[in-house]
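Just so you know, the sequences run in chain order B and C.
Under this note's numbering, residues 1 to 315 are what the first sequence spells out, in order.
Under this note's numbering, residues 1001 to 1246 are what the second sequence spells out, in order.
Calculated from the structure, these hints are not laboratory results.
All figures in this text were calculated on a predicted structure; none of them were measured in a lab.
Any given hint might turn out to be false.
Covered stretches of chain B, as calculated for chain C (at least 3 residues, CB under 8 Å) [as the list claims (entries may be wrong)]:
hint, segment
1, 83–90
2, 200–206
Derived lysine to aspartate or glutamate pairs resembling DMTMM-like cross-links, with alpha carbons at most 20 Å apart [stated by the list, open to error]:
hint, chain 1, residue 1, chain 2, residue 2
3, B, Lys201, C, Glu1099
4, B, Lys228, B, Glu273
5, B, Lys201, C, Asp1100
6, C, Lys1106, C, Asp1120
7, C, Lys1204, C, Glu1024
8, B, Lys90, B, Glu273
9, B, Lys201, C, Glu1024
10, B, Lys201, B, Glu187
11, C, Lys1121, C, Asp1103
Don't be surprised by glycine CBs; every beta carbon is placed ideally from N, CA and C.
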Amino acid sequence: MTVTETRPSTADSSRPAPTPAQRVAAIPMQIAKSPHFARVLFPIALFAVWLLSLAAVEEIWPFAVDVLPTPSEVGAFMWDEFITDTLARKNLYETFYISLRRLMSGFAIAMVLGTALGLAMGLSRATNAFCHDWTMAILAMPALAWALFNSIIFGFDDRGPILTVILAGIPFVIVNVREGVRNTPRELFDMARSFQVPQSKVIRHVLVPSLMPFMFAAARYCFSIGWKGLVIAEVFGGQDGAGWTIKFWYDAHRAHGVVGYAAFFVIFAILFERLVFEPISRRAFRWRPQLQTEVVEEAFGEHHEHYGEEETARH
Amino acid sequence: MAEIRIKNLHKEFGTGQDKVVALENVNLEITGHSFVSIVGPSGCGKSTLLNILTGIETPTNGTVDITSDGHVAAPGYVFQAARLLPWRTVTDNLLFVQEDRSDSTKQRCQRYLEMVQLGDKGDKFPGELSGGMQQRVGIARAFSIEPDVLFMDEPFSHLDAITARALRRELHHMWDETKKMVVFVTHDVGEAVELSNRILVFAKGGSLEDDIQIDLPFPRDPADDEVAVAKAHVLRKFEELDLLAS
């Protein structure tokens, strides 16, 4: 037998290095692809669509001039609210404090109860059979129905909105935790057993971390669905809070108040996501090498570039 | 000194028409600083035997005693896939299987990580390591509890040939240095001949068909004539037992 050996050249002749001019030409495309640019672009696009729609609607229906708020009216309203100069009974901070207190109470109860039920349903087929249809029924019920129902039962105190948050959020917690239990990594439990690791340690280091992604998804759903439920409950069964205040501006025929307060909701949700969920998520899931979406994007990007090169070569 | 005594071991899965015999009347003794490979075709009960030895599964009949100097022996396990906790660092994966987190335990874990050339990777997460590195962590984890017996279930079958060869050398070096008993399941006869001083051949249906001693000096190079002859000898046994077709 003869073995021949040829050392490959280290220089990559198939792909020449880009020239400085090519690098400069690629900058606009790099900016366009950047997620930071996309984030900035969205509010600009939104603002443009707002102004264009305003112009279009006023053209078609001139009466709308007094009804549709302009960005400047909404901005002025939001600034007044921000500096607590308001016509409503409670200022922005008191209002959001009241709503947040209700939301967090309902959220905490939904998470605790939902986790317990989800664990029970994941571990026991009988419990799952007993609770499954009811969970689906609660999941299918619109938050509006819970809000009306609870305001009839509890009147205008905190209990109605809190119960609405619980009922709106709890099915998402139950379903996610149950799926988490069903997807626990069996091979890791076997590994722990073969090394004779104590049960308490297995729960802390295997079961709980494996449930974390599902718990986190449950918390996000519960929070956002609960928040929407709370606002509706406050509209129908509250004497204060964010939902009641948006209704106050609606009753006062102040469209800029309604839009401005809705914008506060959005800002609140974004702040909560950025300041609470994202840092916790980053810390809890720092073991994940790369987010799946980024992997997909990279794969597509590479394929796209190669395809582009082939196309160019062909022409 | 570690000892494994298996008497009349029988294992079945399922009942009635679905009944499958995984191991049939296995009698076996392994003692001391030996490296024993269990080879055979798929479905011959290799992994079932290992699962029974490590307590993951219980036998239908028969007894298994694993002792060390009259006491119940402490086992270590290296799996086909590394089975690391993805949410814990490499060091924490080793500490997970320890009885305590004292300084001496941490130093011991670090020593074994260095033995598998991963001394500087203790604070990495498994997802940041290659497949070969992850399997090295699995080996370090098994050695770090300083077991009396080490069970390994096709630990290199998922790796490329070059990485597997490097790891086989490291494993042999660690076995030689720590004087542990290793029970190694593989479907690769060449691997078994390179590493073991005893090869147990299982046939489909879970019966122990042959017990071959390989008395060649270590380290063994697969390219050496004597190793090639030994491999050919084991393969001939496979032919005699009609195991190659399956």
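Hint by hint, here is what the structure shows:
Check result for the segment 83–90 of chain B against chain C: violated, 0 residues qualifying (beta carbon to beta carbon below 8 Å, three or more required). Requiring three or more residues with a Cβ within less than 8 Å of a Cβ of chain C, the coverage given for the segment 200–206 of chain B holds, as 3 such residues are present. Taking the CA atoms of Lys201/B and Glu1099/C, the gap is near 10 Å; set against the 20 Å cutoff, the hint holds. Simply put, Lys228/B and Glu273/B have alpha-carbon atoms about 15 Å apart, close enough for the 20 Å limit, and the pair holds.
For the suggested pair Lys201/B and Asp1100/C, the alpha carbons sit about 11 Å apart, so the restraint of at most 20 Å is met. Between Lys1106/C and Asp1120/C the CA atoms are separated by roughly 14 Å; this keeps the pair inside 20 Å, and the hint holds. Straight-line distance between C-alpha atoms of Lys1204/C and Glu1024/C comes to about 10 Å, which keeps the hinted pair within the 20 Å bound. Restraint check: the Cα-Cα separation between Lys90/B and Glu273/B comes to about 25 Å, which exceeds 20 Å; the hinted pair is violated.
Between Lys201/B and Glu1024/C, the direct Cα distance comes to roughly 36 Å. Violation of the 20 Å bound is thereby established for this hinted pair. For the hint linking Lys201/B to Glu187/B, the alpha-carbon distance of about 16 Å falls within 20 Å, and the restraint holds. Using a Cα cut-off of 20 Å, the hinted pair Lys1121/C and Asp1103/C holds, with the two alpha carbons roughly 18 Å apart.
Consistency note: the structure conflicts with the earlier hints numbered 1, 8, 9.
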